[in-house]
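If you read the protein sequences in the order shown, they are chains U and V.
Quick note on numbering that gives the first Met the number 0: the first sequence kicks off at 0 and runs consecutively.
Quick note on numbering that gives the first Met the number 0: the second sequence kicks off at 0 and runs consecutively.
Rather than coming from a laboratory, the hints here were simulated on the basis of the structure.
Wrong hints could be hidden among the right ones.
Heads up, the list lumps identical chains together, so a pair's fine if it works in one copy or across two of them.
Below 20 angstroms or equal to it, Euclidean Cα-Cα: the simulated SDA-like pairs (lysine to any residue) are [what the hints assert, rightly or not]:
| hint | residue 1 | residue 2 |
| --- | --- | --- |
| 1 | K374 | I33 |
| 2 | K159 | N126 |
| 3 | K163 | N126 |
| 4 | K40 | K356 |
Number of protein chains: 2
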Amino acid sequence: MDNKFTVTPWETNGKIDYEKLIKKFGTTKLEKDILTKLESKTKSGKNHFFFRRNFIYSHRDFDKMVEGIDKNNFYIYTGRGPSGKMHIGHLIPFIICKWFQDEFGCNIYIALSDDEKFAVKQKLDLNTARKYSLENIEEIAALGFDPDKTFMFIETDFIKQIYKQALEFSKRTTLSTAKAVFGFKNETNMAHLFYPFVQMAPTTLEKNKFCLIPAGIDQDPYWRIQRDNAEKLGFKKVIAIHNKLLSTLHGVGGKMSSSDSDNSTINLDDSFETVKKKINKYAFTGGRPTLEEHRALGGIPEICVIYHYLESLFEEDDSKLKNIYDEYKSGRMTSGEIKNILILKINNYLKKHNENKIKNKPLIEKYMHTGKLAKKMQEM
Amino acid sequence: MDNKFTVTPWETNGKIDYEKLIKKFGTTKLEKDILTKLESKTKSGKNHFFFRRNFIYSHRDFDKMVEGIDKNNFYIYTGRGPSGKMHIGHLIPFIICKWFQDEFGCNIYIALSDDEKFAVKQKLDLNTARKYSLENIEEIAALGFDPDKTFMFIETDFIKQIYKQALEFSKRTTLSTAKAVFGFKNETNMAHLFYPFVQMAPTTLEKNKFCLIPAGIDQDPYWRIQRDNAEKLGFKKVIAIHNKLLSTLHGVGGKMSSSDSDNSTINLDDSFETVKKKINKYAFTGGRPTLEEHRALGGIPEICVIYHYLESLFEEDDSKLKNIYDEYKSGRMTSGEIKNILILKINNYLKKHNENKIKNKPLIEKYMHTGKLAKKMQEM
Numbered sequence: 000m001d002n003k004f005t006v007t008p009w010e011t012n013g014k015i016d017y018e019k020l021i022k023k024f025g026t027t028k029l030e031k032d033i034l035t036k037l038e039s040k041t042k043s044g045k046n047h048f049f050f051r052r053n054f055i056y057s058h059r060d061f062d063k064m065v066e067g068i069d070k071n072n073f074y075i076y077t078g079r080g081p082s083g084k085m086h087i088g089h090l091i092p093f094i095i096c097k098w099f100q101d102e103f104g105c106n107i108y109i110a111l112s113d114d115e116k117f118a119v120k121q122k123l124d125l126n127t128a129r130k131y132s133l134e135n136i137e138e139i140a141a142l143g144f145d146p147d148k149t150f151m152f153i154e155t156d157f158i159k160q161i162y163k164q165a166l167e168f169s170k171r172t173t174l175s176t177a178k179a180v181f182g183f184k185n186e187t188n189m190a191h192l193f194y195p196f197v198q199m200a201p202t203t204l205e206k207n208k209f210c211l212i213p214a215g216i217d218q219d220p221y222w223r224i225q226r227d228n229a230e231k232l233g234f235k236k237v238i239a240i241h242n243k244l245l246s247t248l249h250g251v252g253g254k255m256s257s258s259d260s261d262n263s264t265i266n267l268d269d270s271f272e273t274v275k276k277k278i279n280k281y282a283f284t285g286g287r288p289t290l291e292e293h294r295a296l297g298g299i300p301e302i303c304v305i306y307h308y309l310e311s312l313f314e315e316d317d318s319k320l321k322n323i324y325d326e327y328k329s330g331r332m333t334s335g336e337i338k339n340i341l342i343l344k345i346n347n348y349l350k351k352h353n354e355n356k357i358k359n360k361p362l363i364e365k366y367m368h369t370g371k372l373a374k375k376m377q378e379m
Numbered sequence: 000m001d002n003k004f005t006v007t008p009w010e011t012n013g014k015i016d017y018e019k020l021i022k023k024f025g026t027t028k029l030e031k032d033i034l035t036k037l038e039s040k041t042k043s044g045k046n047h048f049f050f051r052r053n054f055i056y057s058h059r060d061f062d063k064m065v066e067g068i069d070k071n072n073f074y075i076y077t078g079r080g081p082s083g084k085m086h087i088g089h090l091i092p093f094i095i096c097k098w099f100q101d102e103f104g105c106n107i108y109i110a111l112s113d114d115e116k117f118a119v120k121q122k123l124d125l126n127t128a129r130k131y132s133l134e135n136i137e138e139i140a141a142l143g144f145d146p147d148k149t150f151m152f153i154e155t156d157f158i159k160q161i162y163k164q165a166l167e168f169s170k171r172t173t174l175s176t177a178k179a180v181f182g183f184k185n186e187t188n189m190a191h192l193f194y195p196f197v198q199m200a201p202t203t204l205e206k207n208k209f210c211l212i213p214a215g216i217d218q219d220p221y222w223r224i225q226r227d228n229a230e231k232l233g234f235k236k237v238i239a240i241h242n243k244l245l246s247t248l249h250g251v252g253g254k255m256s257s258s259d260s261d262n263s264t265i266n267l268d269d270s271f272e273t274v275k276k277k278i279n280k281y282a283f284t285g286g287r288p289t290l291e292e293h294r295a296l297g298g299i300p301e302i303c304v305i306y307h308y309l310e311s312l313f314e315e316d317d318s319k320l321k322n323i324y325d326e327y328k329s330g331r332m333t334s335g336e337i338k339n340i341l342i343l344k345i346n347n348y349l350k351k352h353n354e355n356k357i358k359n360k361p362l363i364e365k366y367m368h369t370g371k372l373a374k375k376m377q378e379m
């Protein structure tokens with residue numbers, strides 16, 4: 000391959016070629032007819048811009064679910080690996096969860112995988128993973144899910160309810176299959192080896208519904224084993240939709256990761272000044288070396304991280320986005336100007352997010368224990 | 000080796016050479032001075048005949064525990080793999096548990112490893128493993144443990160309380176170590192691979208006490224990994240005492256196993272007639288081909304399963320046992336006569352066991368949920 004990249008549940012490197020990933024993982028491109036059908040069934044009459052802009056671009060069996068889509072035919076299961084504080088890229092699956100809940104009224108299950116992060120991070124202890132889990136839940140709760148239809152759980156707390164299904168999946172998977180799918184080596188630790196089966200287990204929480212997983216395509220290997228075994232266990236094969244990964248500030252194509260230097264990501268608790276500094280100082284643009292050249296040749300939105308962020312997360316309005324594209328492409332808009340647009344957008348977004356975070360704190364007890372769905376889960 | 004045998008947690012084959020096993024597993028022979036010290040601290044002033052007769056014959060660090068033995072310096076953890084109904088050999092660890100509790104007032108934790116048996120038995124499902132667990136608990140409860148100092152649990156029920164410690168042990172163990180210790184192969188399933196760490200976890204239930212494991216030496220591999228990691232985790236290394244394995248009816252040296260044909264074992268629910276028939280028809284004796292030869296040459300107690308059962312389980316009185324040995328050895332006692340002694344002993348034992356099983360049924364709720372220790376565990 001001339002363009003080397005790695006995408007696994009635990010590691011993403013290099014510039015990602017999404018077409019190749021579809022082939023590599025054996026998933027299906029999300030085609031227009033499915034999206035048209037989905038849109039026709041929404042309450043608002045409009046697909047989320049993640050769909051409109053092909054940011055969610057690949058799937059497994061999503062067409063089967065869309066066929067009869069309704070709050071009673073599916074629920075959503077997603078999660079967050081609590082390895083530290085969250086950045087804007089981490090919100091993507093939750094944004095799409097919220098959209099589905101608003102449009103269809105579905106149940107949502109959100110796992111905080113403290114066990115996973117403990118297993119894979121050499122230095123992380125369980126108490127710290129728990130602390131991160133609780134902090135991360137505050138960020139996720141900011142999105143304002145329905146407190147009776149949303150269950151958030153820390154996996155080590157909820158293990159009793161999911162352990163048996165983890166056993167069912169793991170009994171049906173040999174070590175050699177697990178090595179092939181997850182790339183386990185002789186030096187991999189045994190907590191890491193078992194974790195995928197814990198992650199699979201909540202795909203069986205509602206027996207007769209489809210379980211929809213919105214996630215980065217890097218999480219796909221988990222669902223392959225689920226899909227090979229679910230029907231034998233009396234459940235439906237998981238449905239997946241895959242979003243592209245939000246790039247670092249350093250260039251379009253890689254995945255934003257909190258393991259990188261702090262300068263490559265926008266954290267949810269970054270101050271206005273920090274956002275401004277990071278965008279101005281570290282963001283890779285599609286601008287030309289000099290203003291003169293820029294005016295003459297125009298910017299290159301396709302390689303511009305600023306444009307990528309506006310398109311992927313911060314400019315919901317398609318016509319405004321198109322206008323920015325045209326202005327930048329033509330050279331009428333400078334890199335400084337497009338940066339200022341993004342800085343303002345991000346800071347507005349974060350301001351609202353942090354207000355909602357405070358406002359929704361009282362809902363957390365409902366999401367975890369006392370809401371209608373949470374209560375049912377706790378009593379399982 | 001001229002004498003091939005296999006002893007692992009999941010498989011025992013061939014005639015066991017216990018001296019070789021001590022060397023193979025790297026455990027220590029249980030020497031007289033430790034037993035003398037133990038005896039000096041008992042309430043009754045007398046060691047159990049398992050100790051007196053070298054049936055419990057090997058250990059790890061038992062001397063350290065005996066040094067200051069007292070209900071506050073140790074607790075016992077043992078278990079049962081619920082793969083079907085129980086035979087007399089299965090009672091051995093529980094008999095010694097009961098003895099320790101009577102002599103020292105220690106807490107006892109008894110795990111029913113439904114997850115393990117589900118993982119290793121191809122055809123066993125979790126519901127059936129649960130049913131066996133509940134049936135087996137009735138047999139174990141027949142021994143009459145202290146309801147405030149004994150906790151019996153089914154592992155899939157108690158997993159929340161032990162999962163974190165299972166993660167701690169498993170994070171510290173690489174796949175290659177697990178393969179070396181447990182003999183895992185590429186075709187081993189992933190539920191089986193994780194199970195040892197669940198089994199290890201309850202060795203941390205009482206932080207400042209020794210955890211004593213009475214078990215067959217075939218269970219030793221579990222404790223090696225525990226002992227390598229416990230101190231790093233702030234716990235004491237597990238203490239083990241190893242009993243020899245009760246032979247099948249077919250010959251001294253192998254392990255009684257319910258996986259063999261039903262004719263090789265005495266089950267706890269065998270009727271008087273069944274016991275009589277099994278002993279008379281299937282038990283291997285130390286008798287000679289003809290009565291004449293037997294009278295002339297004498298029997299061979301050392302290879303006689305009947306004598307082995309009397310010595311290992313059914314004749315508590317040392318002088319009576321010696322008398323039987325002498326009579327049989329001299330040829331004055333025939334194989335028919337020694338068989339009749341055993342049949343009577345077993346049937347008396349089973350009669351009492353089954354009466355106690357009914358009598359103690361009401362205690363099960365205490366052992367599992369409402370006794371002092373069980374309650375504390377449930378609220379963990």
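Checking K374 and I33: alpha-carbon separation at most 20 angstroms within a copy, between copies, both or neither? neither (35 angstroms within a copy, 54 angstroms between copies)
Same-copy or cross-copy closeness of K40 to K356 [CA-CA at most 20 angstroms]: This pair counts as neither: shortest intra-copy Cα distance 31 angstroms, inter-copy 62 angstroms.
With identical chains treated as interchangeable, where does the CA-CA distance between K159 and N126 reach 20 angstroms or less: within a copy, between copies, both, or neither? Answer is both; intra-copy 19 angstroms and inter-copy 15 angstroms each pass.
Since the copies are identical, ignore which copy is meant and state whether K163 and N126 lie within 20 angstroms (CA to CA) inside a copy, between copies, both or neither. Only across copies: K163 and N126 sit 10 angstroms apart there, 25 angstroms inside one copy, limit 20 angstroms.
Violated hints for the displayed structure, listed by number in ascending order: 1, 4.
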